[in-house]
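Novice: Here are the chains, one letter per residue:
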Amino acid sequence: MRLSRAAFLLLLPVLGMILSLGTGVFALIEQSFVGADGLSLKAFQAFVSRREAMSVFLYTHQMALLVSAICVVVSFPLAVFLVRKQNQAYVLLIMMPLLVSIVVRTYGWMVILGPRGLINAALMGAGITTAPIRLMFNTTGVVIGLVHIYIPFATLSILTVYSKIDRSLVDGAAALGAGPWRVFSRIILPLAMPGVIAAASIVYLLTIGAVVTPLLLGSIQQMMLGSMIYDQMLVTFDFPSAGSAAIILTLSAALAILPLQLADRWVTRKLPAERS
Amino acid sequence: MPEVVVHAKAVEKKYRDVAAVRGVDLEVFRGEFLTLLGPSGCGKTTLLRMIVGFEQPTTGRIVIDGRDVTEVPTYRRPIGMVLQNLALFPHMNVQENITFGLLTRGERKSAALQKATQMLSLVGLAGFGHRLIHELSGGQKQRVALARSIVLEPSVLLLDEPLGALDLKLRQQMQGELKRIQRQVGITFIFVTHDQEEALTMSDRIVVMNAGRIEQIGAPQEIYDHPETMFVASFVGDTNVFAGRAIATAGARVSVELPALGQTVEVQGRGITPGMAVNVMIRPEFVALDDQPGAPCSGQVTDRTFVGADIRYSVTVGNQNLEARRPHRPEDRMLAPSATSGVTIDWANGIAFPSAA
Ligand SMILES: Nc1ncnc2c1ncn2[C@@H]1O[C@H](COP(=O)(O)OP(=O)(O)OP(=O)(O)O)[C@@H](O)[C@H]1O
Ligand SMILES: [Mg+2]
Numbered sequence: 197m198r199l200s201r202a203a204f205l206l207l208l209p210v211l212g213m214i215l216s217l218g219t220g221v222f223a224l225i226e227q228s229f230v231g232a233d234g235l236s237l238k239a240f241q242a243f244v245s246r247r248e249a250m251s252v253f254l255y256t257h258q259m260a261l262l263v264s265a266i267c268v269v270v271s272f273p274l275a276v277f278l279v280r281k282q283n284q285a286y287v288l289l290i291m292m293p294l295l296v297s298i299v300v301r302t303y304g305w306m307v308i309l310g311p312r313g314l315i316n317a318a319l320m321g322a323g324i325t326t327a328p329i330r331l332m333f334n335t336t337g338v339v340i341g342l343v344h345i346y347i348p349f350a351t352l353s354i355l356t357v358y359s360k361i362d363r364s365l366v367d368g369a370a371a372l373g374a375g376p377w378r379v380f381s382r383i384i385l386p387l388a389m390p391g392v393i394a395a396a397s398i399v400y401l402l403t404i405g406a407v408v409t410p411l412l413l414g415s416i417q418q419m420m421l422g423s424m425i426y427d428q429m430l431v432t433f434d435f436p437s438a439g440s441a442a443i444i445l446t447l448s449a450a451l452a453i454l455p456l457q458l459a460d461r462w463v464t465r466k467l468p469a470e471r472s
Numbered sequence: 028m029p030e031v032v033v034h035a036k037a038v039e040k041k042y043r044d045v046a047a048v049r050g051v052d053l054e055v056f057r058g059e060f061l062t063l064l065g066p067s068g069c070g071k072t073t074l075l076r077m078i079v080g081f082e083q084p085t086t087g088r089i090v091i092d093g094r095d096v097t098e099v100p101t102y103r104r105p106i107g108m109v110l111q112n113l114a115l116f117p118h119m120n121v122q123e124n125i126t127f128g129l130l131t132r133g134e135r136k137s138a139a140l141q142k143a144t145q146m147l148s149l150v151g152l153a154g155f156g157h158r159l160i161h162e163l164s165g166g167q168k169q170r171v172a173l174a175r176s177i178v179l180e181p182s183v184l185l186l187d188e189p190l191g192a193l194d195l196k197l198r199q200q201m202q203g204e205l206k207r208i209q210r211q212v213g214i215t216f217i218f219v220t221h222d223q224e225e226a227l228t229m230s231d232r233i234v235v236m237n238a239g240r241i242e243q244i245g246a247p248q249e250i251y252d253h254p255e256t257m258f259v260a261s262f263v264g265d266t267n268v269f270a271g272r273a274i275a276t277a278g279a280r281v282s283v284e285l286p287a288l289g290q291t292v293e294v295q296g297r298g299i300t301p302g303m304a305v306n307v308m309i310r311p312e313f314v315a316l317d318d319q320p321g322a323p324c325s326g327q328v329t330d331r332t333f334v335g336a337d338i339r340y341s342v343t344v345g346n347q348n349l350e351a352r353r354p355h356r357p358e359d360r361m362l363a364p365s366a367t368s369g370v371t372i373d374w375a376n377g378i379a380f381p382s383a384a
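Chain order of the listed sequences is F and Y. So the first sequence is numbered by our numbering: it starts at 197 and just counts up by one. So the second sequence is numbered by our numbering: it starts at 28 and just counts up by one.
Okay, chain F solo, but in the shape it has when bound (with noise of 0.2 Å):
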């Protein structure tokens, strides 16, 4: 494609975005790097051995790996009921909670997992329990947060993969003598998993650098890398830690992003490649 001279002048503003945003990161970047003596790894060296920013750093995995494995449960069937549904309102509902900020939803959270919320007012009323149950400030807490909130991310990725597989090959598969089961693990997964590789993957870099949610609903123990950061930055000023761990979670992202990647390459290897 060949652009007019004229065209390039519409990239003025695209390229000031950038100067911008860079400028920030690059700062952040060259913060973490450059300590009082000079360039060095310090930052990254304190990072790896203070016992607290590991434990934050594989506890902020771990919980990636879980609201993922749930989101894409969750989000699964959703989405095949949308699609067989046909009606779009249905899917508008899914996407209403999105036009609400992360923080009121979270806030929403709080009053029905508090220790007189919704949930233990109706389990100590019931009489089920007598004390209330933890389901706030801990792991439970920011599960339930964050699930909610990257379902419709989650279900909208399965979503457009899963209405583009040919519904007659369920039936072709039925007349070859596959049973319901045989017709969703050999036909219908396989084709709706790049949809599911791709559910996980967003819900997986979101979890990751998920702030708010964490800092309403999670313990003060136990931090994730993204409050952790938030902290650092604006209570403690510490930039250059700050910055370090930003890079390192930016890069331990993109490293557990890359299997998920290979997986989507093999899971198509035999489809023809998507014209664009």
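Bear in mind the hints are in silico, worked out from the structure with no lab data behind them. Please read these numbers as outputs of a predicted model, since none were measured by experiment. Glycine included, C-beta positions come from ideal geometry on N, C-alpha and C. Some hints here could point you the wrong way.
Said to hold, decoys possible - Taking lysine to aspartate or glutamate and the EDC-like style, the derived pairs with C-alpha atoms no more than 16 Å apart in a straight line are: (1) Y/K168 with Y/E134; (2) Y/K41 with Y/D92; (3) F/K466 with Y/E123; (4) Y/K196 with Y/E224; (5) Y/K206 with Y/E59; (6) F/K466 with Y/D194.
Unchecked claim - Quick look at which bits of chain F chain Y covers, simulated, 3 or more residues with Cβ under 8 Å: (7) 360-374; (8) 381-389.
Claimed, not checked - Per label pair, the in silico range of CB-to-CB distance: (9) F/L385 with Y/P29: 35 to 45 Å; (10) Y/A270 with F/K360: 48 to 58 Å; (11) F/M292 with Y/G213: 54 to 64 Å; (12) Y/Q83 with F/A265: 35 to 45 Å; (13) Y/D359 with F/K360: 55 to 65 Å; (14) F/L385 with Y/G133: 12 to 22 Å; (15) Y/L197 with F/A265: 47 to 57 Å; (16) Y/F333 with F/L385: 56 to 66 Å; (17) F/A265 with Y/D95: 42 to 52 Å; (18) Y/F333 with F/K281: 49 to 59 Å; (19) F/L295 with Y/S182: 54 to 64 Å; (20) Y/V99 with F/L261: 42 to 52 Å; (21) Y/R210 with F/K360: 36 to 46 Å; (22) Y/F56 with F/L385: 54 to 64 Å.
Once you have looked at the hints, place chain Y with the ligands on chain F.
Specialist: Same frame as chain F, now just chain Y with the ligands:
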């Protein structure tokens, strides 16, 4: 008495208030090549989908191999189907598509692979096992779809216009292939088409359907030579139709007065009473054009089409348009358009049907 493989008993299918199939009774015999023939929307696919189990009949029963399978799900029926769009699994290669059914059934992988190899050579695709589906041509896909169904040796194989998407040349080639494969494996085929020529060339028996009903069942020649309804007569093969009135009947013969020609002729006809309004059909090959004097009437050639083996003429006799066909021989003189010619009609091969209105 041939053995019945599929028996559809008084099968009806209604989609809300639309009756797609009405009161169909059909027996399919073991090893035969049966074709469902009919115009678009006459219910062929619907009937097939009920036999295979994708669709439940509104009323009636489906019996396969003597077992009532009306409530049995597709995957437990001893039946195979080649869908119109083939429905090959795009994430599997040719070999995996063919072994899918065998492995589903619990056969061992080595045995399945061996059968797949045999099947591939049967359908003329030896060595194509590792090809991906999107690397195949239309005709090759057709063969894979056929192979993966046949390898399961179903009691009956349903094919819904499997050749519809192919171009003419390939289509004719696949017709021959299909027939050869069917003879070789001996599996009962129920084949759907709306192409009457395809039906005539391939079938042992043809079921002509119209508006959800069966009009006639019979061997191709029977259907062509002795159509039982006006619909069959005009749908299968070309026909000329004359409106007339029955004057007298004698057994299976009827005397009919044809106002368009100003003649009274004797044709075949059943269930006709004198005085009845009838339509008489006569095939173009029984209309002879010759310039010898003494022909019962004369007409004017309006059009001529040379189709190789045959020459087709359009002739106007009185105010009636007629199609005539005669075999072409190089030494014959062709009639020029607008030429006048004698017209002799072999009325013994005409058939009278009560006219609908
Ligand atoms: N799922 C459905 N819902 C409502 N009506 C249907 C449905 N499937 C088929 N029909 C109707 O039933 C009638 C028979 O359809 P069918 O598909 O069996 O025709 P066909 O003989 O296979 O035609 P073609 O040669 O065009 O494939 C048609 O009038 C069609 O509109
Ligand atoms: Mg059809």
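Novice: A separate judgement is required for each hint: does it hold in the structure or not?
Specialist: These are the hints, each one checked on the structure:
{"no.": "1", "hint": "Y/K168 with Y/E134", "verdict": "violated (24 Å)"}
{"no.": "2", "hint": "Y/K41 with Y/D92", "verdict": "violated (26 Å)"}
{"no.": "3", "hint": "F/K466 with Y/E123", "verdict": "holds (11 Å)"}
{"no.": "4", "hint": "Y/K196 with Y/E224", "verdict": "holds (14 Å)"}
{"no.": "5", "hint": "Y/K206 with Y/E59", "verdict": "holds (11 Å)"}
{"no.": "6", "hint": "F/K466 with Y/D194", "verdict": "violated (27 Å)"}
{"no.": "7", "hint": "360-374", "verdict": "holds (count 11)"}
{"no.": "8", "hint": "381-389", "verdict": "holds (count 4)"}
{"no.": "9", "hint": "F/L385 with Y/P29: 35 to 45 Å", "verdict": "holds (44 Å)"}
{"no.": "10", "hint": "Y/A270 with F/K360: 48 to 58 Å", "verdict": "holds (54 Å)"}
{"no.": "11", "hint": "F/M292 with Y/G213: 54 to 64 Å", "verdict": "holds (60 Å)"}
{"no.": "12", "hint": "Y/Q83 with F/A265: 35 to 45 Å", "verdict": "holds (38 Å)"}
{"no.": "13", "hint": "Y/D359 with F/K360: 55 to 65 Å", "verdict": "holds (59 Å)"}
{"no.": "14", "hint": "F/L385 with Y/G133: 12 to 22 Å", "verdict": "holds (20 Å)"}
{"no.": "15", "hint": "Y/L197 with F/A265: 47 to 57 Å", "verdict": "holds (49 Å)"}
{"no.": "16", "hint": "Y/F333 with F/L385: 56 to 66 Å", "verdict": "holds (58 Å)"}
{"no.": "17", "hint": "F/A265 with Y/D95: 42 to 52 Å", "verdict": "holds (45 Å)"}
{"no.": "18", "hint": "Y/F333 with F/K281: 49 to 59 Å", "verdict": "holds (58 Å)"}
{"no.": "19", "hint": "F/L295 with Y/S182: 54 to 64 Å", "verdict": "holds (57 Å)"}
{"no.": "20", "hint": "Y/V99 with F/L261: 42 to 52 Å", "verdict": "holds (43 Å)"}
{"no.": "21", "hint": "Y/R210 with F/K360: 36 to 46 Å", "verdict": "holds (40 Å)"}
{"no.": "22", "hint": "Y/F56 with F/L385: 54 to 64 Å", "verdict": "violated (41 Å)"}
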